[in-house]
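Here the protein sequences line up with chains B and W, keeping their order.
When the letters of the first sequence are read in order and numbered with our numbering, they come out as residues 1 to 497.
When the letters of the second sequence are read in order and numbered with our numbering, they come out as residues 1 to 497.
If you are wondering where the hints come from, they were derived from the structure by calculation, not from laboratory data.
A virtual CB, placed ideally from N, CA and C, is assigned to each residue, including glycine.
One or more hints might be untrue.
Just some of the chain B residues that point at chain W, by a computed CB distance under 10 angstroms [to be verified]:
no. : residue
1   : 61
2   : 132
3   : 224
Straight-line Cα separation of at most 25 angstroms, DMTMM-like style, residue types lysine to aspartate or glutamate; simulated pairs [as the list claims (entries may be wrong)]:
no. : chain 1 : residue 1 : chain 2 : residue 2
4   : B       : 54        : W       : 57
5   : W       : 54        : B       : 175
6   : B       : 103       : W       : 97
7   : B       : 54        : W       : 122
8   : W       : 103       : B       : 13
9   : B       : 103       : W       : 38
10  : B       : 54        : W       : 6
11  : W       : 54        : B       : 57
12  : W       : 54        : B       : 350
13  : B       : 54        : W       : 97
14  : W       : 54        : B       : 97
Number of protein chains: 2
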Amino acid sequence: MTPYEELESRFRELGHLGHAQAMLGWDEAAMMPPGGGEVRGEAMAVVAAIAHQKLTDQALAGLLDQAEGSNERLNPWQQANVRAMRRSQRRANAVPESLVRAKHLTTARCEQTWRVARANNDWPAVSGLLEEVLNLTREEAQALGETLSLEPYDALLDGYEADTRAEAVAEVFSELKAFLPGFLERVIEHQQAPLPLTGPFGEAQQHALGEAMMRALGFDFDHGRLDVSHHPFCGGVPDDTRITTRYNADDFLESMMAVLHETGHALYQQGLPADWRHQPVGRALGAAVHESQSLFVEMQMARSRAFISFAAPHIHEHFDANANDPAWSVDNLYALATRVRPGYIRVDADEVTYPLHIILRFELEQALISGDMTVTDIPDAWNEYMTRHLGLSTSGNFKDGCMQDVHWFAGLFGYFPTYTLGALTAAQWFASASRANPRLEQQIEAGEFAPLVQWLRTHIHGRGQLESARELLTEVTGEALDTGYFKAHLERRYLSG
Amino acid sequence: MTPYEELESRFRELGHLGHAQAMLGWDEAAMMPPGGGEVRGEAMAVVAAIAHQKLTDQALAGLLDQAEGSNERLNPWQQANVRAMRRSQRRANAVPESLVRAKHLTTARCEQTWRVARANNDWPAVSGLLEEVLNLTREEAQALGETLSLEPYDALLDGYEADTRAEAVAEVFSELKAFLPGFLERVIEHQQAPLPLTGPFGEAQQHALGEAMMRALGFDFDHGRLDVSHHPFCGGVPDDTRITTRYNADDFLESMMAVLHETGHALYQQGLPADWRHQPVGRALGAAVHESQSLFVEMQMARSRAFISFAAPHIHEHFDANANDPAWSVDNLYALATRVRPGYIRVDADEVTYPLHIILRFELEQALISGDMTVTDIPDAWNEYMTRHLGLSTSGNFKDGCMQDVHWFAGLFGYFPTYTLGALTAAQWFASASRANPRLEQQIEAGEFAPLVQWLRTHIHGRGQLESARELLTEVTGEALDTGYFKAHLERRYLSG
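Just chain B, same shape as in the assembly (with noise of 0.2 angstroms):
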């Protein structure tokens, strides 16, 4: 075997692992019963800590200085997996082992803590956690920050998205800092209630739509199903791929418009290269490529009104709605998946009001993890924040706050910027696959998702990482993120109807 030969044996075991690693995080949060959490928890410290040793033993850094130095007899995917490997590799051994398990050990327990004291609105039932998470993050973004000179919270955010740096990300929020508000007040004016649609709406059949709605984007249910938990998620591998939704009884749209979301989540998963599979090279780019491809699917195209007048009969049948009720009309059912309203909830904002719900946890967690701000202080900043740009306080509201969201208690910092930063890419990829196809909101309105999604997987979800996300970006559509795609498509949707 070549030095490259004995990496690709060596990196899909690996692959292997993640493989199981991926299957006990989905059971975790759509299967598990509480009390199997702690053990889990444990299983799931041991199983990163194997791979941990597996990244960081010294043979793999030697095979990898071997295959770098014949780079030339390598081919560019293999070239591009050796890179991938690298990357794994320096990131893996710039934290020790003991940090690896102890941060598994102590999410899990905050995870699992905040879940009940989420229910109950008790932040001190769980704040003591979080700091031990915090500290914990904060010395793995030392450590690592220190291996790949970066600043440590950039160290995170480079985990989650290459290359990717808090100044940059900045730059780009502040422009949206400056557009929203007036734009948001703009578009309040203009929009008109519309009509309520008064439920309960069945589990069954709003699991029937979702599971109809992937269907026709082309889901793969031979490899991959549709469950429950919690928070909507995808997980699981390409070749077995998890999603999961909740159901709202009052409102079939919220769980439609998540399931939709993560079918674009799906796709991508589903669509990597399968000759590469268990290999890096074959694995999704950043997190904010792949909420780049949830957006596309759930702002970009699920949301507009080709899609909805073909979703509406759809709609009708599962509910046995009268298509001529003007509350299920397709303007109003578009009227509905286009309603513009600042909320206190991150995951069931529309797509105006998203980015200052990001932009507020972009700047506590980068004052948590530089130290300027303690896990006491962040439901007074929450409530200041969310007082000031949205007009709602939190005060006392920790469940509809500062604990709304898993990610922290999860030991996830430095995740959030990638959800504004996909719907940026989302609108420039939206623009491109426009130009280069005139027909696209036609095919939209009539359910031929084909040409849709083949141009996805042509060219995004095939190429795994054999690009760097900002070179794909720029090869496809001709420039680098630009705002102004999303911007003009906001402007399109809210104001011009």
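Position chain W relative to chain B; hints supplied.
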């Protein structure tokens, strides 16, 4: 750390890998979409190989030597723990890692192929793969036999139930083979056909009834769940015990009894000594003892008239049945639950004919492992035995003949005898429990299961592997395994009513 402490730490890690394997296995059977099968097989093979590496680590052997050498400083639980560790270590060292991987990959492929092939009654579609599995198993049996100084088949059997030998099993089975056919004739003559209950019985109602039965017996839903799979089984770990069933719309008793059977396994698992979680001594004894627990609950208790009296109102409630209808009376439900009839399918068999199904498999698998028989010979041999002993031809009917059980296709040779050893042991336990508690029958009828479950907890569940199965049986019941208890139970239930 002392050598013993170091061993505990290493086996704790192995216990957590076992958690991952148990959950991936449960998911594979209960949740996984078919297309996920290939990669799941690979991932499970990798986890198995890592566990094998840890068990065959030279340092582990040294630690075991040291711990055994200073045995007198350990308490009885620790001593038993070292014995159980040594047993795992010896078995692992007998088999090369390449064989462990090959067997995992091949059995995963064979089992997944069998699922489809069985549905199509297509023996040729899977017989080639079964031959591969058999060859690997023979290789494994050979290697284990050499290390353990056992005959190859005994080496397999010993893996499922320690210290059990084919010769002793054959002796016990020949007693049954002499007793059962004549007994069966007498029972058939003695029984009258029960009134039929006609479905369809809804899945949701059957599921709710199953959960009600589990709850009544004390299954802990904070540490477990009930789902659906192709074949009912009990999986997971003590803190997160997963049982499965399947629903027959025409016969709710089938699923109710399957759930009670698995609840017997589950109570054992959930009742294992909490102080010894993740240590070998904290695990269940072998497959025969495990089956003695499921059959204790299903056959000894749940198919008794006392239990049916308790269950009848629950059954009426869940299926909205008229309690005054003679078909729904306790007498008729009891007659349905104890109906004896020769049939094709082992898992559907009554307790009188069941051992005859096992003896068939026991005889064939010994011949397959010794090489006296090949895979090609199986269908004819099956048909011949079934025709002779149960009066049923399986000629051309592979589905209900030699393809009905997953075991061989999943590489489990040497497992079948433990079912009937479990049935014999269950009768012996139940006789002891009844002697110790004269009110047992009344308590069961009143739905007071706590005393009975407590008896199992104290005498069996909570002792893990502190003693061998043989020692435990003798200590608790006062004698070695005696088929007399099983025969007496059958005579009492099926001829004296």
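Checked hints:
The closest approach between the C-beta of residue 61 of chain B and any C-beta of chain W is roughly 21 angstroms, which is over the 10 angstroms cut-off, so the hint fails. Violation of the interface hint for residue 132 of chain B is found here, the shortest Cβ-Cβ separation to chain W being roughly 21 angstroms, above the 10 angstroms cut-off. The criterion of a C-beta within 10 angstroms of any C-beta in chain W is met by residue 224 of chain B, whose closest approach is roughly 6 angstroms, and the hint holds. Taken as a hint, the residue 54 of chain B and residue 57 of chain W pair is honoured in the structure, with Cα atoms around 16 angstroms apart against an allowance of 25 angstroms.
In summary, the hint linking residue 54 of chain W to residue 175 of chain B is not supported, as the alpha carbons are separated by about 55 angstroms, beyond the 25 angstroms threshold. Only pairs whose Cα atoms come within 25 angstroms are accepted, and residue 103 of chain B paired with residue 97 of chain W is rejected, the gap being roughly 32 angstroms. Taking the CA atoms of residue 54 of chain B and residue 122 of chain W, the gap is near 43 angstroms; set against the 25 angstroms cutoff, the hint is violated. Under the criterion of a C-alpha separation no larger than 25 angstroms, the hint pairing residue 103 of chain W with residue 13 of chain B is consistent with the structure, at around 17 angstroms.
Restraint check for residue 103 of chain B and residue 38 of chain W: the C-alpha separation of about 32 angstroms exceeds 25 angstroms, so the hint is violated. Restraint check for residue 54 of chain B and residue 6 of chain W: satisfied, since their Cα atoms lie roughly 21 angstroms apart, inside the 25 angstroms limit. Restraint check for residue 54 of chain W and residue 57 of chain B: satisfied, since their Cα atoms lie roughly 16 angstroms apart, inside the 25 angstroms limit. For the given pair, residue 54 of chain W sits about 51 angstroms from residue 350 of chain B by alpha-carbon distance, which is inconsistent with the 25 angstroms threshold.
Of the pairs offered as hints, the one joining residue 54 of chain B and residue 97 of chain W holds, with about 18 angstroms between alpha carbons and a cut-off of 25 angstroms not exceeded. For the given pair, residue 54 of chain W sits about 18 angstroms from residue 97 of chain B by alpha-carbon distance, which is consistent with the 25 angstroms threshold.
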